[in-house]
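Chemist: If you read the protein sequences in the order shown, they are chains A and B. So the first sequence is numbered by the numbering used here: it starts at -5 and just counts up by one. So the second sequence is numbered by the numbering used here: it starts at 87 and just counts up by one.
Heads up, some of the hints might be wrong.
Derived list of chain A stretches under chain B, where covered just means 3 residues or more per stretch with a C-beta under 8 Å from a C-beta of chain B [as the list claims (entries may be wrong)]:
1) 86 to 94
2) 103 to 117
Partial list, computed: chain A residues near chain B (C-beta under 10 Å) [what the hints assert, rightly or not]:
3) 137
4) 164
5) 180
6) 265
Computed spacing ranges between beta-carbons, pair by pair [unchecked claim]:
7) A/69 with B/300: 54 to 62 Å
8) A/117 with B/319: 21 to 29 Å
9) A/68 with B/101: 22 to 30 Å
By construction, these hints were calculated from the structure, which means they are not laboratory data. Glycine included, every Cβ here is placed at the ideal spot set by N, Cα and C.
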Amino acid sequence: MMCFEDVHFWYGEKEDPRAVAALRGVSFVLREGEFVVLLGRNGSGKSTLAKHCNGLLVPRKGRVCVDGMDTRDESVLWEIRRRVGLVFQNPDNQLIATTVEEDVAFGPENLGLPPSEIRKRVDEALARVGMSEYRKREPHTLSGGQKQRVAIAGVLAMHPKYLVLDEATAMLDPEGREELLQLLRELRKDVGILHITHNVEEALLADRVMVIDNGEIVAEGSPREVFLVGKDIEKWGLELPQIVEVALLLWKDYPDLFSVLPLSPDELVDALCSYS
Amino acid sequence: MFGKSVVIGQYVPLDSAMHRLDPRSKIFFVALGIVTLFLVQSWLSFALLGGFFVLLVLLAHLPFQYVLKSLRPLWVLLALTLCLHVFFTPDDALVLFGFLRVSLGGLFKGLFIVARLVLLVVATTLLTLTTSPIELTDGIEGLLSPLKRWGFPAHELAMMMTIALRFIPTLLEEADRIMKAQMARGIDFESGGFMKRIRGLIPLLVPLFVSAFRRAEDLAVAMESRCYRGGIGRTRLRMLRFERRDYAFLSLSLLVFVLSLSLSWLTW
Ligand SMILES: Nc1ncnc2c1ncn2[C@@H]1O[C@H](COP(=O)(O)OP(=O)(O)O)[C@@H](O)[C@H]1O
Ligand SMILES: [Mg+2]
């Protein structure tokens, strides 16, 4: 379990009045096997939160725990970083080595594993993300979506328990984005996923949605619960997913049309067909 | 518009005996070869070394024109060296063309130097054509790591080279993109005098540097997230290992080098 307990963080000097508060009392938990989407507009503190997950930043107040280990404890920092894999926004800036397989090997190499074990993990991880046939390719010859999948493989090769993606889909074309989301759906069985995005459509797949604004978690719940706020979502700088917007419009005029908010076109059609 | 191959080296990915050698053996071979080439003084030695290199090119399955291509940037230098020696050696003149004397001794000396340079390039090319940049980096790290004991940053150097190799194509693509964007805004990179062109590069270099620093920062964060903490306790996917073929190759090279050196001393 990864937990944030009343985490406060601001950039700059300690009691600097000009310092911007980037996180103000964030608390939540991410369990293994859970798929959580964190929504928030630009500058709301998403990346700051992501960097707290593996101790790249440590809270000024409150604490972050990964399986009971405090990120402020230097002696367990590397174990925390192994357990919590981070994938970042820019696919070009997180691949380190000159070939795909060398890059995936980078994490296990840092863990000091024997070469045969590294080999095994690299092959496994590349197969997992469907990039095995690209293993000898140079990163700059891959598409954005493929680069992100390699980045995920690089993290998976460290056998993490949690995967945190900081706007990993933001710079991808629709196709690359769809591939990546499909991959996340496959991975959710084995690792806890915290997928950070400002694309509300991606939140429809989540077990749980959190909304962050101005450094605070302002809404949390299943996608159905969160999107019930309707147009009010705009006060956090977000929009409603298209399907929810349509459904809510219909609901206003036909209050007994749905028993629950539909989250996919199929659910909407079903509800419409069974309406009498 | 930018020649990628110039920067990346001209590695030819084949599967040959030369390709399979440990990069450290090949680096060793080149280092010893260079020293030998500078010490030998006789044609017989050159012939022996040349024959050996040809054999290695054949072993590497490399087409000869690849090797010749690497000599191309040197033509001018070679021709100039030869001319200088032929015309300006104060020696018994063979023929006189007005004020130009053609010296036989100079001709020999010039050809000597040309042969030396050509063989030097061929030896180095044997390394760069058969060794991928990653292997080369690993090899250099392997050879330098004994110096770590005295504080030499062997691992850091190798990591820098790896990152440079990884990002050169990315930065070239970016330079290309920025250049096109600036040209679309009416900036002229291609005309004007030397100073004007240099100044014209500013709209290219400034955005390129800004983005390179941004990338460096992102990369550092990504590396730290993947448990990177320098060379300590780090293992490799492919550990370098000297095989029997490496010992064979090195012994053979050593034999040829020593033989050509002794030939040179004997006949001199
Ligand atoms: N390195 C930094 N130094 C100072 N302020 C920063 C830094 N990084 C982010 N901030 C500020 O912290 C706030 C949250 O930023 P960030 O976590 O990057 O948001 P998001 O990822 O949601 O766009 C913003 O107001 C931003 O300006
Ligand atoms: Mg961000």
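Chemist: Could you run down the list of hints and mark each one as holding or not?
Modeler: Structure-based check of all given hints:
For the region 86 to 94 of chain A, the proposed coverage by chain B is satisfied: 8 residues have a C-beta within less than 8 Å of a C-beta in that chain, meeting the threshold of three. For the region 103 to 117 of chain A, the stated coverage by chain B is satisfied: 10 residues place a CB nearer than 8 Å to a CB of that chain, which reaches the threshold of 3. Taking 10 Å as the C-beta contact cut-off toward chain B, the hint placing residue 137 of chain A at the interface is violated, the least distance being around 13 Å. Look at residue 164 of chain A: its Cβ only gets to about 13 Å from chain B, farther than 10 Å, so that hint breaks.
A cut of 10 Å between beta carbons decides the hint on residue 180 of chain A: the least distance to chain B is about 22 Å, and the hint is violated. Of the supplied interface hints, the one on residue 265 of chain A is violated, with its beta-carbon coming no nearer than about 43 Å to a beta-carbon of chain B, more than 10 Å. For residue 69 of chain A and residue 300 of chain B, the Cβ-Cβ distance of about 32 Å falls outside the hinted range of 54 to 62 Å, so the restraint is violated. At about 23 Å, the beta-carbon gap between residue 117 of chain A and residue 319 of chain B stays in the expected band of 21 to 29 Å.
At about 47 Å, the beta-carbon gap between residue 68 of chain A and residue 101 of chain B misses the expected band of 22 to 30 Å.
Hint violations for this structure: numbers 3, 4, 5, 6, 7 and 9, all remaining hints satisfied.
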